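> Read off the chains here:
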Amino acid sequence: MRSAFAGLIAGLVFGIGLSLGGMTDPAIVLGFLDIAGAWNPQLAFVMAGGVIVTFIGYRLIARRPAPLWGERFVMPSATRIDAPLLGGALVFGIGWGLAGYCPGPAIASLASARGGVAVFVIAMLAGMAAVKIIRSPSSRQSKPTEVPAAADG
Amino acid sequence: MHPYLLALIGGALIGLSAVLLMGLLGRIAGVSGIIGGLLPPGRDWGWRSAFAIGLIAGPLVVVAVSGVSPIGAPVVSVPLLAGAGLLVGAGTVLGSGCTSGHGICGLSRLSPRSLAAVAVFMAAGFATVFIVRHIV
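Residue numbers (our numbering), protein chains in the order written: chain A, 65 to 217; chain B, 52 to 187.
Certain hints may be false.
[What the hints assert, rightly or not] Reference listing, derived: stretches of chain A covered by chain B, where coverage requires no fewer than 3 residues with Cβ under 8 Å from a Cβ of chain B:
#1 91 to 98
#2 109 to 119
#3 131 to 138
#4 149 to 162
#5 167 to 173
[Stated by the list, open to error] Partial selection, computed: residues in chain B whose CB lies under 8 Å from chain A:
#6 M73
#7 S83
#8 L111
#9 P125
#10 T143
#11 G154
#12 T179
#13 H185
#14 V187
Because the hints were derived from the structure by calculation, they are not lab data.
These numbers were taken from a predicted model, which means no experiment stands behind them.
Glycine included, every Cβ here is placed at the ideal spot set by N, Cα and C.
Working from the sequences, and respecting the hints, build out all of it.
Spelled out as structure tokens, the structure:
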């Protein structure tokens, strides 16, 4: 129950932040990605605000032995810059540039009755499920003992 | 208020959310990871689904307070939305993160993997928009 409350508050603050930052408007996001056109730097300010607060906040948290309501800090375990990381980022970036939605703003935009974004979110979940199925241990018989690395984000 | 100042404040709130999630639950605030974890075999369903509900409630709070919807309409056709959604979903699971997990949290942790991912997805986004708007 406590963890659901923490998730709700964190999600709410995240959704308000995306809204104030203009990230729930794909025209603004695509305006940032259009460096050869009428470039709109707004997304860079969102990133800067987010990284500054998180950079400082994470360092303050790191002094504590454990999270307040959890057993341990679950940090990404992978360290290698490998093909799945770079290939995945490439595929993600192409999709992001096509429609102007990354996962957070797409889900937050479900708050609007305007259709369309629901199609994006359903397709996104299908894409996630497809890769998870392909990468699941049962579909890789050669390495049955392999432990999947924790996701970076 | 100037949109860039609002954007900086909005970004700071996203950072606050990331700090809350790490400080309270010890988790990275990566939306693709949080949402992807809801898919079977779902783990930690409670806080993940609560996060998604909060994420959708955020713009509603902004509308209630300001009277103006922050949500813009999609700018591309429905088939293109579907194709882009597939790419974003597959790419973020394969690449272990998105704009929030790699961009905000990963860069704040000075993670080389996240820095590489951000460089690649930003470059791919720039290139895609350039091709779509200025070449095709």
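> Compare the structure with each hint and give your call.
Hints and how they fare:
{"no.": "1", "hint": "91 to 98", "in the structure": "holds (count 5)"}
{"no.": "2", "hint": "109 to 119", "in the structure": "holds (count 11)"}
{"no.": "3", "hint": "131 to 138", "in the structure": "holds (count 8)"}
{"no.": "4", "hint": "149 to 162", "in the structure": "holds (count 14)"}
{"no.": "5", "hint": "167 to 173", "in the structure": "holds (count 6)"}
{"no.": "6", "hint": "M73", "in the structure": "5 Å, holds"}
{"no.": "7", "hint": "S83", "in the structure": "4 Å, holds"}
{"no.": "8", "hint": "L111", "in the structure": "5 Å, holds"}
{"no.": "9", "hint": "P125", "in the structure": "4 Å, holds"}
{"no.": "10", "hint": "T143", "in the structure": "5 Å, holds"}
{"no.": "11", "hint": "G154", "in the structure": "6 Å, holds"}
{"no.": "12", "hint": "T179", "in the structure": "3 Å, holds"}
{"no.": "13", "hint": "H185", "in the structure": "5 Å, holds"}
{"no.": "14", "hint": "V187", "in the structure": "11 Å, violated"}
Hint compliance for this structure: hint 14 alone is broken.
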